[in-house]
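K.L.:
Residues per chain are reported as follows:
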Amino acid sequence: MSTRKAKDYKSEVKPIWCPGCGDYAVLNALMRAFAELDIPQDTIVVASGIGCSSRFPAFLNTFGIHGVHGRPLPLATGIKMANPELTVVAVGGDGDGFSIGGGHIPHAARRNVEIPYIVMDNSIYGMTKGQASPTSPEGIKRKASPYGTVEAPLNPIMMALAYEATFVARTFSGKLKEMVEIFMAAIQHPGFAFVQVLSPCVSFLDTYAHYREITAPIPEDHDPTDLLAAMRLAQATETLYLGIFRCMADRPGYSRRFQEIQSAVHPMTVPEVMDRYQR
Amino acid sequence: MVKRDQTVVVRVGGEAGEGTVTLGELFTRIAARAGLEVYTFRTYPAEIKGGQVLFQTRLGVKRVLSEGDAADVLVVMNKPGWTENQRDLQPRGVLVYDPGAVSDPDTQGRAQFAIPAGVIAQELDFARGKNVVMVGALTWLFRLGLDLGRDIVNARMARHGDVLQQNLKALEAGYAYAEAHYPAPFPYALPLPEQFEERLLLSGAEALALGALDGGCRFYSGYPITPATGVMEALAKYLPAFGGTMVQAEDEIAAINMVIGASFAGRRSMTATSGPGLSLMIEALGMASIAEIPIVVVNVQRAGPSTGLPTKTSQGDLFLTLYGGHGDAPRFVLAPDSVKDCYYQMINAFSLAEYYQMPVIVLSDQAMASRVETMPYPESSCGIWSECLERQLPSEAELAKDYRRYRDTKDGISSMAIPGMTGGAYLSESLEHDVYGYPSQTPENHQLMMEKRSKKVEAARRRLAKWDSSARRWGHRGAKFGIIGWGSTRGAVREAMVQLGEMGIEIEAIYPHTLLPMPDRAVMEFIYGKKAILVPELNFSSQFARMISHRYYKQLDAQDIHVHMLAKEQGIPFKISEIYEAALEMVLEEGGK
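One line per chain: the protein sequences are C and Z, in this order.
Going by my numbering, the first residue of the first sequence is number 91, and it counts up by one from there.
Going by my numbering, the first residue of the second sequence is number 96, and it counts up by one from there.
Here chain C stands alone, though its shape is the one from the complex (with noise of 0.2 Å):
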């Protein structure tokens, strides 16, 4: 029984997100994961990159650390690495996952680094007020993209699937009861947990009723150890489908498997290190 509530891990800063945005929700919905688990905040680590959504870490009373822009995985995983007893969270939104640090997602995914890794996807770059961002849909235009984006949009889940992330899972910031249960499954997963969050910007891109009309829960008897029928229900574009696509438990995690060499190697000493450099 849980003796902690989600309030208890709000700190006293106030969001700077714009009212309606679809981050408040993904913000409540990780506070009541925590609860839900009871992780002490002392032992929580919430590391960002930069952008509305990366602001995450300075509205929780966990410790938190706010980085450059698009490092949240290298962060945390050396986090992760330095401490495996921690519950470390990287978050942050589409622009810092999937543009500037798109290139560590798959190293993520291949290492299987025990984080679960919270994307707030507006398909839009918020804080630089309305760019086209890789998920943005095509022919979108914007003041940096006055004749309409030319570029296909990202299709982060197939993304994720392709490099055999073992958890990859998608939510929507208007299905609350759903994002809590998909957060702590991917807290509680052991290995690299990738999910995808539709939280809209009210400001520059207001996808609210389009999620709400397109969205599915994952089918029932969909079986997350089957890759290939993961794709075919990321690839589904006229129906967005939320929930656990994917789900693999049985690959241990990176941080395990570092201390399953060290605990394997003889320990030695800096005076028995230099023994072996003797003339």
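In short, the hints are calculated from the structure, not lab data.
On a predicted model such as this, the values are computed, not experimentally measured, just so you know.
C-beta: ideal position from N, C-alpha, C; glycine also.
One or more hints might be untrue.
Stated by the list, open to error - As a list, the in silico EDC-like pairs of lysine to aspartate or glutamate whose alpha-carbon atoms are at most 16 Å apart:
id : chain 1 : residue 1 : chain 2 : residue 2
1  : Z       : K332      : C       : E362
2  : Z       : K626      : Z       : D655
3  : C       : K104      : Z       : D529
Claimed, not checked - So these bits of chain C aren't anywhere near chain Z, every CB distance computed over 10 Å:
id : residue
4  : S92
5  : A96
6  : P109
7  : P224
8  : I230
9  : R232
10 : G264
11 : K267
12 : A275
13 : V292
14 : F294
15 : E310
16 : H312
17 : L318
18 : E328
As the list claims (entries may be wrong) - The following label-pair restraints were derived from C-beta to C-beta distances:
id : chain 1 : residue 1 : chain 2 : residue 2 : range
19 : C       : R366      : Z       : K157      : 21 to 31 Å
20 : Z       : A253      : C       : Q325      : 49 to 59 Å
21 : Z       : D246      : C       : P357      : 23 to 33 Å
22 : C       : T327      : Z       : T402      : 39 to 49 Å
Go by the hints and put chain Z onto chain C.
P.N.:
Showing chain Z alone in chain C's frame:
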């Protein structure tokens, strides 16, 4: 014919990928095991196979200070090995060569020692063992003892069980051939000491890695880059035995961010890289500065700009390390000046990083990282030239109530809570932040925090003034002429100064070990009363001389002290003669001694 200083320069020239470096290394190890002091230098092409390799080892009865200039003994394994190096063979030097590779070399009267290494190796049905045949021949010529040779080959090749026996046979065959054909004493065989102290035989990269372990490093993340990879490889081997972790990152940006994360979580953490990698790390370095996270970054400099000359040496990154990055981001920069110093400066680097919660850059270079030197066992793990400094953690009282991570203090140092500490939760911010770590943009707060962070540099400057290691000064105390340098050029400067002394020229030198903060008092005391100072450095634009001229312009102007720049950017170290000649020129220009 051994010189008065009882050192011998042996240079090996051969094809890359044909065991030329192995030849040089085996011979160096045998000589070191026999009790000689050694100091190597190598230059190699960027390609793994093909191209010309030069391996130089200088042997001495006493400690060797630099790789030396002209070769006393030239060992050539292929034709370019002769044609490219013959001009560097001193007039009374000797040539040891494989007649199968070079026929009838014109040594202009200098002694020749022909060792048909290729033919001997083929007779053993082990053609690629010709380098070890040559090692055997050199072992005889230098009278190092066949048993020592066998020991070294055994130790070195033990992993390669199948070829170990073949290599031992090659060694013995080379030894036997040389013994039969050249029984007369070899002119460059050094007297072997009967008793000698135990020594470590370390490359600069290994010394950096071992110093890091001794300095408490328990997390490393890096990306392979020439010539810094040796640091990563050594730490990859040993860190797990210390409960530590080495992560090979996907790029340098990830590497430094992992290091920041690991340090934030309480581990002493570092990375090592070279110019292009450091350029990529600069943004995160600024973050470590503003968020006050201790990290150590080793920069093994190579010649630039851009991809430049990846396998060649340079000191061209001074300005990048001192000033690189946007905004004013305080950091420390250390400059070890020998392989031994690399070891100690890494301990200092961790002490400074942890205590002052700042990024520390340690500047090495290709020449110093890839060379091997004999050095005494470090006397104790910490506190020889410095103090053992630790990260300041919050007290129980601080944690009990209203913990302020970035509290302003007299010296700017505020206690740093570690994730897991009850009551310690705080936000580590790359944005300007208030005392709690929460973002704050007010002019007053920004000013306060800029001052807090820079106060740490001034506090460190005061502390460092008490450390012997902050600057090394030697030579004729109070001489009218001086040399100010940094890093790996020190060996050549030391030897040039000995030669200048023999000419009756009084000169002294200072090598700061911390370039940021500069040991101002030591440098100002040094330049006081000088007529002129020479600033030798391995870069194109005289970066250090410009920094010295700018930083001490008042003293230099007031006393009319002239700064003579000696810049060299060719990818290779200074020759002793280049320093000697520049110093002599300075003395003559300034109206004599």
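K.L.:
Are the hints correct? Go through all of them and say.
P.N.:
Taking the hints in turn, this is what the structure says about them:
1. For a cut-off of 16 Å, the pair hint linking K332 (chain Z) to E362 (chain C) stands: about 13 Å separates their Cα positions.
2. Between K626 (chain Z) and D655 (chain Z), the direct Cα distance comes to roughly 7 Å. Compliance with the 16 Å bound is thereby established for this hinted pair.
3. Between K104 (chain C) and D529 (chain Z) the alpha-carbon distance is near 15 Å, which keeps this suggested pair within the 16 Å criterion.
4. With a least CB separation of 18 Å from chain Z, S92 (chain C) remains clear of the 10 Å interface cut-off, as annotated.
5. Even its closest Cβ contact with chain Z, about 16 Å, leaves A96 (chain C) beyond 10 Å, as expected for a residue assigned away from the interface.
6. Listed as a non-interface residue, P109 (chain C) keeps its Cβ farther than 10 Å from every Cβ of chain Z; the least gap is roughly 20 Å.
7. Distance to chain Z confirms P224 (chain C) as a non-interface residue, since its nearest Cβ pair spans about 18 Å, more than 10 Å.
8. With a minimum CB-CB distance of about 29 Å to chain Z, I230 (chain C) clears the 10 Å threshold, and the non-interface call stands.
9. R232 (chain C), annotated as away from the interface, keeps every beta carbon of chain Z farther than 10 Å; the closest lies near 26 Å.
10. For G264 (chain C), the requirement that its beta carbon stay farther than 10 Å from each beta carbon of chain Z is met, with the minimum near 28 Å.
11. At roughly 27 Å from the closest C-beta of chain Z, the C-beta of K267 (chain C) stays outside 10 Å, upholding its exclusion from the interface.
12. Every CB of chain Z is more than 10 Å from the CB of A275 (chain C) (nearest about 23 Å), matching its label as outside the interface.
13. With a minimum CB-CB distance of about 22 Å to chain Z, V292 (chain C) clears the 10 Å threshold, and the non-interface call stands.
14. In this structure F294 (chain C) is separated from chain Z by more than 10 Å, as the shortest Cβ-Cβ distance comes to about 22 Å.
15. Annotated as non-interface, E310 (chain C) keeps its C-beta farther than 10 Å from every C-beta of chain Z; the closest such distance is 37 Å.
16. No beta-carbon of chain Z is positioned within 10 Å of the beta-carbon of H312 (chain C); the least distance is around 31 Å.
17. Distance check on L318 (chain C): its Cβ is at least 27 Å (rounded) from any Cβ of chain Z, clearing the 10 Å threshold; non-interface status holds.
18. Separation of E328 (chain C) from chain Z is adequate, the least Cβ-Cβ distance of about 35 Å exceeding the 10 Å criterion.
19. For the pair R366 (chain C) and K157 (chain Z), the supplied restraint of 21 to 31 Å holds, since their beta-carbon distance comes to about 25 Å.
20. For A253 (chain Z) paired with Q325 (chain C), a C-beta distance near 55 Å keeps the hint of 49 to 59 Å intact.
21. Separation of D246 (chain Z) from P357 (chain C) is about 28 Å and conforms to the stated range, judged on CB atoms against 23 to 33 Å.
22. Checked against the hint of 39 to 49 Å, the pair T327 (chain C) and T402 (chain Z) passes, with Cβ atoms roughly 43 Å apart.
Going through the hint list in order, the structure satisfies each hint without exception.
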